[in-house]
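Peer 1: Those protein sequences? They're chains A and B, same order as listed.
Just remember that our numbering sits 1 ahead of the position in the first sequence, which is counted from 1.
Just remember that our numbering sits 180 ahead of the position in the second sequence, which is counted from 1.
To be clear, the hints were calculated from the coordinates, so they are not data collected in a lab.
Be a bit skeptical, because a hint or two may be false.
Covered by chain B, according to a simulated footprint, are these stretches of chain A (three or more residues, beta-carbon under 8 angstroms) [what the hints assert, rightly or not]:
| hint | region |
| --- | --- |
| 1 | 45-57 |
| 2 | 122-131 |
Here are the computed lysine-lysine pairs in the PhoX-like style, where the Cα-Cα straight-line distance is at most 25 angstroms [what the hints assert, rightly or not]:
| hint | chain 1 | residue 1 | chain 2 | residue 2 |
| --- | --- | --- | --- | --- |
| 3 | B | Lys272 | B | Lys220 |
| 4 | B | Lys272 | B | Lys250 |
| 5 | B | Lys250 | A | Lys163 |
| 6 | A | Lys75 | A | Lys105 |
| 7 | A | Lys24 | A | Lys163 |
| 8 | A | Lys75 | A | Lys31 |
| 9 | B | Lys272 | A | Lys24 |
| 10 | A | Lys68 | B | Lys220 |
| 11 | A | Lys163 | A | Lys31 |
| 12 | A | Lys24 | B | Lys250 |
| 13 | A | Lys31 | A | Lys68 |
| 14 | A | Lys106 | A | Lys75 |
Here a beta-carbon is modelled for each residue, glycine too, at the ideal position from N, C-alpha and C.
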Amino acid sequence: MTTTDSTPLVVPDFGDEATQGRKLAIICSKGNLDMAYPALILANAALGEGVETHLFFTFWGFDMITKSRMNDLKFTMLGNTATHLPQGLGGLPGMTAMATHQMKKQIHDVGVPDVPEFLEQIVASGGHLWACRMSADMMHLDESDLYDDVEAIISAADFIEKTDGAQIIFI
Amino acid sequence: MTTIHVDSEGFLTEYGEWSEELAAELAARIGIELTDEHWKAIRFLRADYPSHGETATLRRVSVLTGMPIKQLFTLFPGKPAKKMAYVAGLPKPRGCV
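In isolation and in its complexed conformation, chain B is listed as follows:
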């Protein structure tokens, strides 16, 4: 059994403990079934985090992946930035925009 570390809200705290299998499970827990489009955003978030040093905001995801904001709202309804971060095993984004 794998051990993972999460904060008080349930967000992973260790970048290296994430896996694609885990992502699918995390997504399912918040009612999202991952499609290729979801993966495009999630993989970007994972790849961007180490170099950028913080979780990409919704705008950053949209600008750098070319995925329209509207689409991100459809894929991760309600609170897209936080939901994407959760599934990607990253902290909540701290940027304002």
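The shape of chain A in the complex, shown without the other chains:
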């Protein structure tokens, strides 16, 4: 702790110049509720730090931006040993719904928005959302099926071009 007079000598370095030019690209390839959040939280954090941020939704990650599914991502115990419960339980009828409900409640309780609202916040913070061309073709979806703020459906090569020089996170 430093004692100083009313004109503090130490002014925080908000790194406004350092962060200009830093870019982050996050590839979202999973459609599980618990796999959607890491990307959203990191993107939000990066934007709050003044970092240009791009999200690319591909394969199962498409569920995060598909209007008919984005409100209904699920969490399952199956194949997830981190719940520390017998795997057999996860296969019982209704378990995925129950686990999803519980996780949504926990997320809500810590003040974190649901997926569509989180995307809205990311876009409002200046984030860019891109959809994968191959996934759209495979799933027979076009821009009308996707969340309105998705900027475009683009190829992997386009995404690589747009994120020239970016740090890449694959989820």
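Using the hints, position chain B against chain A.
Peer 2: The following block gives chain B in isolation, referenced to the frame of chain A:
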């Protein structure tokens, strides 16, 4: 001359040492001239801190004041949450969202 306490980065460490005059001065040091809209956010942060026990995150400021996220980015460019906390004389927010 008033004495204030700050951490190694320059954020105030004593809630009670803040004043509106000081806020204007802190803001000027990071290139911000405070308008009524800035004050709306700053006053919320000040009022929220004692009851909430920690500095409001950007989302909390937006949800509870009704100020759009976009507007907060315009008012406090680059790193809005940290800049607001600095001007409000509070620690950096520790929440993730």
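Peer 1: With reference to the structure, classify each hint as holding or not holding.
Peer 2: Comparing the hints with the structure gives:
no.	hint	in the structure
1	45-57	holds (count 5)
2	122-131	holds (count 4)
3	B:Lys272 to B:Lys220	18 angstroms, holds
4	B:Lys272 to B:Lys250	20 angstroms, holds
5	B:Lys250 to A:Lys163	23 angstroms, holds
6	A:Lys75 to A:Lys105	9 angstroms, holds
7	A:Lys24 to A:Lys163	10 angstroms, holds
8	A:Lys75 to A:Lys31	11 angstroms, holds
9	B:Lys272 to A:Lys24	23 angstroms, holds
10	A:Lys68 to B:Lys220	35 angstroms, violated
11	A:Lys163 to A:Lys31	22 angstroms, holds
12	A:Lys24 to B:Lys250	19 angstroms, holds
13	A:Lys31 to A:Lys68	16 angstroms, holds
14	A:Lys106 to A:Lys75	13 angstroms, holds
Of the numbered hints listed earlier, the single one contradicted by the structure is hint 10.
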